[in-house]
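If you read the sequences in order, they're chains H and R.
When we follow our numbering, the leftmost residue of the first sequence carries the number 1, and every step to the right adds one.
When we follow our numbering, the leftmost residue of the second sequence carries the number 1001, and every step to the right adds one.
Please keep in mind that the hints were generated in silico from the structure rather than gathered at the bench.
Any given hint might turn out to be false.
Per label pair, the in silico range of CB-to-CB distance [stated by the list, open to error]:
#1 H:Lys13 / R:Lys1034: 47 to 53 Å
#2 H:Arg195 / R:Ile1004: 14 to 20 Å
#3 H:Thr138 / R:Gly1038: 43 to 49 Å
#4 R:Glu1047 / H:Pro94: 51 to 57 Å
#5 R:Lys1073 / H:Gly249: 50 to 56 Å
#6 H:Gly253 / R:Thr1027: 46 to 52 Å
What you are looking at is a predicted structure, and each value in this text was computed from that prediction instead of being measured.
For every residue, glycine included, the Cβ atom is placed at its ideal position computed from N, Cα and C.
One-letter residues, chain by chain:
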Amino acid sequence: MVTIEDIIKEENKVFSKTKLLTDKTFSYCPGCGHGVAHRIIMEVVEEMGIVEQTIGVAPVGCSVLAYDFMDVDMQQAAHGRAPAVATGISRVFPDKYVFTYQGDGDLAAIGTAETIHACSRAENIVIFFINNGIYGMTGGQMAPTTLIGMKTSTSPHGRDLYNMGFPIKITEMVAQLDGVQYVTRQAVHTPAAVRKTKKAVKKAFENVKNRKGVSFIEIVSNCNSGWKMTPVKSNEWMEENMFPVYPLGDIKG
Amino acid sequence: MAKIRGAVVVDVERCKGCVICVNACPTNVLNMSKEVNGKGYSYSFMENPEACTGCMSCSMVCPDVVITVYRMKVG
């Protein structure tokens, strides 16, 4: 008879936390997709053996403290300016693997110009764009990516097309630019989606190695606190409502 | 016939009780505890350890990376 103690042995270990995540507990709400996104980026960096060559740029937003959790060289940028800071870093250190990690309030609102121009200049960086359709950190206000009809604290009756316009599909926009090599939209809510996202992250870092220009990975995520749902319900809501507007899959490259 | 048995270890103090792992488990091994941890969160535990195959679905989706997975061949 095999007991649990027989199974829980070092030689049988198949999954444990990567060393590139620090021992700090994530500051994110229970069930937030940021944690999984952090993990797979750090796992890819570890597996590719590029720890010493990787420099990340943290945004403003919930993930502003990403530099506390990712145990690689990190820089924090002003709101929305992560692609501009990453441009500087990658030009000074052309052999480094430079990535930005940004939310939708950072990348798709205040940082739209920096994002588009960095993409257009074909900077050799990876941009991770976590899209949850809301400003999570400041209390669930409406973001440019908020869906039509979606309730937020600044659109309590739902986003109204007449007053507030359409959600911005920044990933499709940057796919039009010649400086961008690889554009994909993924999610991290199921084991299968996480595995696919990890493959995309790996491909993006390989593009940096081959100096191919910008790789842009959008990760559609949940914000259960901002959406006022349980984590499991928010993932279901995301599948039903976010994915029709933000369909998953490779867009370019 | 060789059978695959698995087991998971949850870092109880870091678990935030989001229930995503319970939902992701294909063999219904995990459930939420009645007790709470130091932060007041109910945490995930193996309610039905015999059914665990060590497939890592729970650890793949765990947002706080608190699950360690073990797997071995039996018989």
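Structure-based check of all given hints:
no.	hint	in the structure
1	H:Lys13 / R:Lys1034: 47 to 53 Å	28 Å, violated
2	H:Arg195 / R:Ile1004: 14 to 20 Å	19 Å, holds
3	H:Thr138 / R:Gly1038: 43 to 49 Å	28 Å, violated
4	R:Glu1047 / H:Pro94: 51 to 57 Å	53 Å, holds
5	R:Lys1073 / H:Gly249: 50 to 56 Å	36 Å, violated
6	H:Gly253 / R:Thr1027: 46 to 52 Å	37 Å, violated
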